[in-house]
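Peer 1: Chains A and B, in that order, give the protein sequences. When we follow numbering that gives the first Met the number 0, the leftmost residue of the first sequence carries the number 0, and every step to the right adds one. When we follow numbering that gives the first Met the number 0, the leftmost residue of the second sequence carries the number 0, and every step to the right adds one.
Among the hints, erroneous ones may be present.
Label-pair restraints from in silico Cβ distances [what the hints assert, rightly or not]:
{"id": "1", "chain 1": "B", "residue 1": "R247", "chain 2": "A", "residue 2": "A250", "range": "34 to 42 Å"}
{"id": "2", "chain 1": "B", "residue 1": "N185", "chain 2": "A", "residue 2": "Q160", "range": "30 to 38 Å"}
{"id": "3", "chain 1": "A", "residue 1": "Q160", "chain 2": "B", "residue 2": "R226", "range": "49 to 57 Å"}
Keep in mind that the hints were calculated from the coordinates and are not lab data. Heads up, the beta-carbon is just placed ideally off N, CA and C, and yes, glycines get one too.
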Amino acid sequence: MSHTDHSTTPVIQVRDLEKVYTVHEKEPGLRGSLASFVRRRKTLVRAVDRISFEIDAGQMVGFLGPNGAGKTTALKMLAGLLHPTDGFVRVGGHVPKERRTEFLKNITLVMGQKQQLLWDLPALDSFLVNQAIYEIPNDEYQATMREFSEILELEGILKKQVRKLSLGERMKCELAAALLHRPRVLFLDEPTIGLDVNMQVRIREFVAEYNRRFNATVILTSHYMADVTALCKRIIVIDKGHIVFDGDLSALVEEAAPGKTVRLELSENVSDERLSFYGKLTSREGLFADVLVPRNETSRLAARMLAELPVADVTIEDPPIEGVIGTLFAGTNRQAVDAVPAGAEQAAR
Amino acid sequence: MRLKRYIRVLGIFVRASISAQLEYRVNFAVNLFGSLLLAGGTLLGITILYSDGTPLGGWSYRESIVVVGLFTLVQGYIGAFLYPNLNKIGEEVRQGTMDFNLLKPVDAQFLISSRNINVFRLTDALVGAGLVIWAASGLENASSIGALLGLCLIVTALTIVYAVWFMLSMTAFWFVKVGNVTELFNGFFRAGAFPVSALPGWVRLVFTFLIPVAFVTTVPAEAIIGRWNAGSVLGSGVAAVLLLGVSRWFWTYAISKYTSASS
Numbered sequence: 000m001s002h003t004d005h006s007t008t009p010v011i012q013v014r015d016l017e018k019v020y021t022v023h024e025k026e027p028g029l030r031g032s033l034a035s036f037v038r039r040r041k042t043l044v045r046a047v048d049r050i051s052f053e054i055d056a057g058q059m060v061g062f063l064g065p066n067g068a069g070k071t072t073a074l075k076m077l078a079g080l081l082h083p084t085d086g087f088v089r090v091g092g093h094v095p096k097e098r099r100t101e102f103l104k105n106i107t108l109v110m111g112q113k114q115q116l117l118w119d120l121p122a123l124d125s126f127l128v129n130q131a132i133y134e135i136p137n138d139e140y141q142a143t144m145r146e147f148s149e150i151l152e153l154e155g156i157l158k159k160q161v162r163k164l165s166l167g168e169r170m171k172c173e174l175a176a177a178l179l180h181r182p183r184v185l186f187l188d189e190p191t192i193g194l195d196v197n198m199q200v201r202i203r204e205f206v207a208e209y210n211r212r213f214n215a216t217v218i219l220t221s222h223y224m225a226d227v228t229a230l231c232k233r234i235i236v237i238d239k240g241h242i243v244f245d246g247d248l249s250a251l252v253e254e255a256a257p258g259k260t261v262r263l264e265l266s267e268n269v270s271d272e273r274l275s276f277y278g279k280l281t282s283r284e285g286l287f288a289d290v291l292v293p294r295n296e297t298s299r300l301a302a303r304m305l306a307e308l309p310v311a312d313v314t315i316e317d318p319p320i321e322g323v324i325g326t327l328f329a330g331t332n333r334q335a336v337d338a339v340p341a342g343a344e345q346a347a348r
Numbered sequence: 000m001r002l003k004r005y006i007r008v009l010g011i012f013v014r015a016s017i018s019a020q021l022e023y024r025v026n027f028a029v030n031l032f033g034s035l036l037l038a039g040g041t042l043l044g045i046t047i048l049y050s051d052g053t054p055l056g057g058w059s060y061r062e063s064i065v066v067v068g069l070f071t072l073v074q075g076y077i078g079a080f081l082y083p084n085l086n087k088i089g090e091e092v093r094q095g096t097m098d099f100n101l102l103k104p105v106d107a108q109f110l111i112s113s114r115n116i117n118v119f120r121l122t123d124a125l126v127g128a129g130l131v132i133w134a135a136s137g138l139e140n141a142s143s144i145g146a147l148l149g150l151c152l153i154v155t156a157l158t159i160v161y162a163v164w165f166m167l168s169m170t171a172f173w174f175v176k177v178g179n180v181t182e183l184f185n186g187f188f189r190a191g192a193f194p195v196s197a198l199p200g201w202v203r204l205v206f207t208f209l210i211p212v213a214f215v216t217t218v219p220a221e222a223i224i225g226r227w228n229a230g231s232v233l234g235s236g237v238a239a240v241l242l243l244g245v246s247r248w249f250w251t252y253a254i255s256k257y258t259s260a261s262s
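Please take these sequences and the hints and turn them into a complete structure.
Peer 2: So this is what it looks like as structure tokens:
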């Protein structure tokens, strides 16, 4: 809501960021284990390959990409956990890997698959530890706790042992613990993984609310497309360590899927041929039909259909985002397969 | 100000550790019983060893008890502070929860060295301290200066043990599973139950320079029983500062090579 710093420099600046790992490989089975125990076969993996982008204060950006694309590696370099092999990173003006106190007090990293809460104690005890570590004054702590309890509905779960909480309850507490110090930059790595739909929505709403209240900058990675589409206008698609798309979600949809679906409910039967006249018939079931039409002609063709066909009801939809992203990856994967193996094999030798 | 904050955080860790251990009431009782049993066993062992009153390697019964007391004290220290923290480093690196320590705005080495305290093992340390005091009080050459010097040397000894143990645990950043490495240290450290200066020359050299066990128990014991020499006292201080410095450097290097665990 209220934010005073309208500085012009982006909060996050990344130029030609690169991370190369050395990993060892093992053939399956005991024989492979023995061979690997004696002599490790080293392979270089370029997890993040010279990516560049900037993010302004208050923006929420979604990182999309298949597993192993380099999203988490990129996030961890931004959070200062991993030292980049090469390239330039600034977060709020700081070099993340130096892990200065002012930097660490301004960021947080939430990992849906890992937990920082003390397992054997109620979440409140973990919160107290964080309060001391982040030097949060008592009144601020109380105020934050009140807000969080209200939005996340923490009432009644804070005093239970963490190990006795459900996954959803635990995730809510994890989020609260990670945001207790009111960081301005949030790195959320799969924060809703494994949660049911209701809980996903609740977490999403909380992140949106937090962003509004504190003008926080958010980078979100998620397997659930709904998380990303609900929160982020801007999308960065990473595949094989490269950025393959950076821009508006709507532009992504336009680029990857230049059509819209006109969903018709007919009042009487019409032949497939007649429907195909307007566009590509993508599904047909009795009186229900989906017709894919070029984006820029949507309204004209929809109007004609309404006028010329016995239409009971009509809706116009963007194709589902999952499909769009899937098409995008399918495209880049084909290119990547052509380009990568030569280098990878060399590295393996 | 900075120090005050660290003490505050440490206080919270101690309280959280005690709370966590109190959650399991049976374990609490078993642990306490175990500590008493261990202390009793140690006492019994010494009594049997010296039952005929013959000095071993120039160390009298009471003088040796000072060493055994110090050994028990250091074991309590390891059990209470080092083991519950440093031996988790490997597991945390393996599972990637080390990330959370590195994200906190306090020194991460401090954090991973102090989060968990096994308060029950402190009973070992108390029994050890009691043994030292009891044994030393019956010795003619024991003096208040010697006791003070001994106290300083105990501090350097604990520093040395911490630095060595920390460095061994730190190899987890590369090898991930290092439980066996600290067991190795434990094995060598058992030699600390005996006065190193009572051992043959070459063994003495190994336990002084290669594995600094001598500095952990024998050197402080010599001060307490009034038999110190400037060389060992100075050596102990230098070893502590040096090892702590190297462990700090090693830590900085290890986190620069940290690869985390992918999620």
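Peer 1: For each hint, tell me whether it holds in the structure or not.
Peer 2: How the hints compare with the structure:
no.: 1; hint: B:R247 <-> A:A250: 34 to 42 Å; result: 50 Å, violated
no.: 2; hint: B:N185 <-> A:Q160: 30 to 38 Å; result: 32 Å, holds
no.: 3; hint: A:Q160 <-> B:R226: 49 to 57 Å; result: 53 Å, holds
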